Structure formats: C-alpha cells, structure tokens
Amino acid sequence: MRSYHDIGGMDLGPIERSEHDYALWEKRVDAMMVLLWQKKGLLTLDEHRHAMETLDADEYGKITYYERWMVGIAKVLLARGIITTDELGRHMAAAGDKR
Amino acid sequence: MHDGHHDHEPAGKRDHDAPLTDYQRMEIAVRELLIEKGVVTADEIRRTVEAMDARSPAIGARVVAHAWTDPAFKARLLANGTAACEELGVEMGPTKLVVVENTADTHNMIVCTLCSCYPRMLLGLPPDWYKGRAYRARAVREPRRVLKEFGFNIPDNFNLRVHDSTADMRYMVLPARPAGTDGWSEERLAAIVTRDCMIGVAVPKVQ
Amino acid sequence: MSARFKTGDRVFVRQAEPIGHVRTPYYIRGKTGSIERLCGEFPNPEELAFGRSGLPRLPMYRVRFLQTEIWPDYRGRALDSVDVEIYEHWLESARQG
Chain Y
0 MRSYHDIGGM
10 DLGPIERSEH
20 DYALWEKRVD
30 AMMVLLWQKK
40 GLLTLDEHRH
50 AMETLDADEY
60 GKITYYERWM
70 VGIAKVLLAR
80 GIITTDELGR
90 HMAAAGDKR
Chain X
0 MHDGHHDHEP
10 AGKRDHDAPL
20 TDYQRMEIAV
30 RELLIEKGVV
40 TADEIRRTVE
50 AMDARSPAIG
60 ARVVAHAWTD
70 PAFKARLLAN
80 GTAACEELGV
90 EMGPTKLVVV
100 ENTADTHNMI
110 VCTLCSCYPR
120 MLLGLPPDWY
130 KGRAYRARAV
140 REPRRVLKEF
150 GFNIPDNFNL
160 RVHDSTADMR
170 YMVLPARPAG
180 TDGWSEERLA
190 AIVTRDCMIG
200 VAVPKVQ
Chain B
0 MSARFKTGDR
10 VFVRQAEPIG
20 HVRTPYYIRG
30 KTGSIERLCG
40 EFPNPEELAF
50 GRSGLPRLPM
60 YRVRFLQTEI
70 WPDYRGRALD
80 SVDVEIYEHW
90 LESARQG
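Protein chains in written order, with numbering that gives the first Met the number 0: chain Y, 0 to 98; chain X, 0 to 206; chain B, 0 to 96.
These aren't lab readings, by the way, just hints derived from the structure by calculation. Please read all numbers here as calculations on a predicted model, not as lab measurements. One or more hints might be untrue.
[What the hints assert, rightly or not] Derived CB-CB ranges, DEER-like:
(1) B:Arg-9 to X:Asn-156: 33 to 41 Å
(2) X:Glu-186 to Y:Ala-93: 31 to 39 Å
(3) B:Glu-16 to X:Thr-68: 43 to 51 Å
(4) X:Met-51 to Y:Asp-85: 44 to 52 Å
(5) X:Glu-185 to B:Glu-68: 21 to 29 Å
(6) X:Pro-70 to B:Arg-9: 30 to 38 Å
(7) B:Arg-94 to X:Asp-155: 33 to 41 Å
(8) Y:Gln-37 to B:Gly-7: 44 to 52 Å
(9) B:Arg-74 to Y:Asp-85: 38 to 46 Å
(10) X:Phe-72 to Y:Leu-41: 35 to 43 Å
(11) X:Arg-46 to B:Ala-77: 44 to 52 Å
(12) Y:Gln-37 to X:Phe-72: 26 to 34 Å
(13) B:Gly-19 to X:Asn-156: 24 to 32 Å
(14) X:Glu-148 to B:Leu-78: 21 to 29 Å
[What the hints assert, rightly or not] Once the Cα atoms are required to be at most 30 Å apart in a straight line, the calculated DSSO-like pairs of lysine-lysine come out as:
(15) X:Lys-73 to Y:Lys-39
(16) Y:Lys-26 to X:Lys-73
(17) X:Lys-147 to X:Lys-36
(18) X:Lys-147 to Y:Lys-38
(19) B:Lys-30 to X:Lys-36
Even glycine gets a Cβ: it sits at the ideal position worked out from N, Cα and C.
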C-alpha cells in the first residue's frame, strides 16, 4: 500500500515555477507549529506529518500547503486534548466576523 | 501518468476582501485558544513570524562564501554542518545539517519526497515548487530532466547525486566556486550564490 | 543500542508495506544500496507519530543507491545516485553482490 504523500518516482508532470508571497495567516500557522514543537515541546514533527498524511486524499489535493498544516496542527491539538472540538467550533464561528 | 488536478497547488494568497476560509478561521480560533490557555503568547507568535521573515538565502550564501575562502572552515562544514554554521553565528535551532559538496565531477541536488524538509535556518522558507508534488516525485527519478527544466544543462561527464531528506537531517549544497572569482571579497562571492544553487537546481554564475 | 552497519556495508531495504507513519519511501523498498554514513540515533518516527516517546533511539543511516539499481529504465550516468535516510530496522545485510 502506498501512501498518498509517498510520491518519489511518480511521473507528475511539469514543475510549476511561480512562487507566491506568504500571507500573514500562513506565517502564523508556521509560527504556531515552530512554537508548539520546538519551544513548547507539545507535539512532534512526526505527529504533525502523520496528521496530514491521514487527511482524506481528496481534501489533501484541493487545499494549499498551509491549509494542510493548519488542519494538521488542529488534529494533533485535539488528539492531545490541548483543545476540544467544542471550543474549536465556537471560536471558528466567532472568527467569521474578524480579520 | 499525469496526476490530474492534484499536481498544481492552489495559490496560497487570498484576496483581502474575500471572506475568511474555514482554514483562516481555524488559524484565528486555534491561535486565540492557545493564547487563552497560556500555551503561547501573542508576542511569541509575532516574534517567531519576525524571525522567519528575517531569514533568507543570504544566510546560506554567507556560509558558502566563507567556505570558498577558508579551506579549514570548508572541511569543518562538510564534517559537521550545524557546528560550522554556528561558528559563523547562524542560529541553527534543532537543525542537523549535512552539507554536500559539488566537485569537478559530481553535482548534488536536494529534495524531500515525503513532505518538504528544507534547511530553513539557512535559506528561509522553501519555494512553492520545492514543496510541490511534481518536483518531489521527479527529482529522484529523472533529475537530469528536472535540471533541464530549471535551465541548467549539467555537463555530460558529471555524476548526479540526489539527496532525499526523509528523516532527521537537512541538506544544503555547497556549490563549486566558479572560475573568474579570484581575489573577490566574501561579500562579492556571497552575492552570486542564489537559493537555487544551494538546493542544487542551479550553479553560481559570474556576472 | 549499537549500530549494526558501517560505512560501505551493502544493505537492502525490506519490502514491508504497513499503514502508519513510515519515513522509508516506497520507491526504495526492496532495493539494495551501500551505507554512506551512520547519521546517529534518533527516536522512532513511527512511534512519535502516535504521541509515544519513540524510545529507545534507533540508529539511522544515509544509504546510497545507484539510480540504475532503483529504476530499470534510468537514463543517466552509471554512478548517478540517490542518498536516502533510513532507520536501521528497515535494513538487512545484503550478502550477495
């Protein structure tokens, strides 16, 4: 069985060379990962990777790099009991009005 | 086989006037919760973002330029990449760096087929193509064709060595110092060492 | 834990295909290469992925594979290679040449 992320050697077409500037929210996702992992020792890189590797293959393909990272962080925090689903849902709903 | 719509990463930037996506809401929610619970502070997040913004390939270029002018440092860099960079005052964090050297008959290229491992402390954040599926898949299988796509025609007599950072190490290519740079200052040398040279999809050009 | 292999040893990568978090890429499973160096000992990522300690640390190596030994249709030079980091428990000694 070959995991969706394990793509070394596959023939996946031309390399898209355009690069995008990172948005602030993306940098914050990155920062949260670095802090949670390196500074706080609250999760490991491999937990995060595994959380992303177990995303539904369809979703994985449709969302961007940092969107995947964000879901990965949330999944690990939920698994570890650092946040609850209920809290996450309430805060996400409230965030809809903010920037 | 072409992997359809999964190859091309959707653009990461969102229009300022567009409504927040679920993922942006998730970022706000998780950040607020972590701050509320005292896990992180807003200040820590801000400072981490600033530190990330301050990092660019110029850091790696400085290390390369120094290795070009100081053979003993170069030997130390190849033996223990992390320790040598720390000598130059580069903050390496938990990075375990392996530096691989381009020589008269060997060219090196870096990839992370499984995700996007990258020597961020030396090069900043990786470019989209490095993290994208096409490069990750093809760099180990047909590296010479990939280099051609990058406009780099590797000479026929060079052996090509690809490094797949699958576990705990991070990699940087030490490009070969080009001819025509005798007597150059380290600053001038560093200016011709681009990010792509240190990933291994390009070589420094004398301008 | 002491390392089983040293630089230059011929090793092959076991052809196992579990689910879970595995850092041995699919494309080199079942292939034979040579130990380039021992990188050190690290906690097992397969265990870390599930929030466990990953201890005791496992030896991890850089293993060099010739491209012609990985891809039957490889068109490049005979000495073109791929160096991959692999944990010891995925490696067996390859005695035949």
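Consistency of the hints with the structure:
1. Range check, Arg-9 of chain B to Asn-156 of chain X: Cβ separation about 27 Å, and the 33 to 41 Å hint is violated.
2. Against the hinted window of 31 to 39 Å, the Cβ-Cβ separation of Glu-186 of chain X and Ala-93 of chain Y comes to about 51 Å, which falls outside the hint.
3. For the pair Glu-16 of chain B and Thr-68 of chain X, the supplied restraint of 43 to 51 Å holds, since their beta-carbon distance comes to about 49 Å.
4. Taking 44 to 52 Å as the suggested C-beta distance range, the pair Met-51 of chain X and Asp-85 of chain Y does not conform, at roughly 32 Å.
5. Checking the proposed 21 to 29 Å range against Glu-185 of chain X and Glu-68 of chain B shows it is violated: the Cβ atoms sit about 41 Å from each other.
6. Our hint of 30 to 38 Å for Pro-70 of chain X and Arg-9 of chain B holds, since their Cβ atoms are close to 33 Å apart.
7. Take Arg-94 of chain B and Asp-155 of chain X: their Cβ atoms lie about 35 Å apart, and the range 33 to 41 Å holds.
8. For Gln-37 of chain Y and Gly-7 of chain B, the hinted distance range of 44 to 52 Å is not satisfied, since their beta carbons lie about 35 Å from each other.
9. Distance hint for Arg-74 of chain B and Asp-85 of chain Y: a CB-CB separation of about 57 Å, inconsistent with the stated range 38 to 46 Å.
10. A beta carbon spacing of about 37 Å between Phe-72 of chain X and Leu-41 of chain Y agrees with the range 35 to 43 Å that was offered as a hint.
11. Distance hint for Arg-46 of chain X and Ala-77 of chain B: a CB-CB separation of about 51 Å, consistent with the stated range 44 to 52 Å.
12. Judged by the Cβ atoms, the range 26 to 34 Å given for Gln-37 of chain Y and Phe-72 of chain X holds: they are separated by roughly 27 Å.
13. Between Gly-19 of chain B and Asn-156 of chain X the beta carbon distance is about 43 Å. The supplied range of 24 to 32 Å is therefore violated.
14. Between Glu-148 of chain X and Leu-78 of chain B the CB atoms are about 22 Å apart, so this pair conforms to the stated range of 21 to 29 Å.
15. Proximity of Lys-73 of chain X to Lys-39 of chain Y is assessed by CA-CA distance (about 34 Å); at most 30 Å being required, the pair is judged violated.
16. Restraint check: the Cα-Cα separation between Lys-26 of chain Y and Lys-73 of chain X comes to about 33 Å, which exceeds 30 Å; the hinted pair is violated.
17. Restraint check for Lys-147 of chain X and Lys-36 of chain X: not satisfied, since their Cα atoms lie roughly 51 Å apart, outside the 30 Å limit.
18. Our distance criterion of 30 Å between C-alpha atoms is broken by Lys-147 of chain X and Lys-38 of chain Y, whose separation comes to about 41 Å.
19. With a C-alpha separation of about 49 Å, the suggested pair Lys-30 of chain B and Lys-36 of chain X falls outside the 30 Å cut-off, and the hint is violated.
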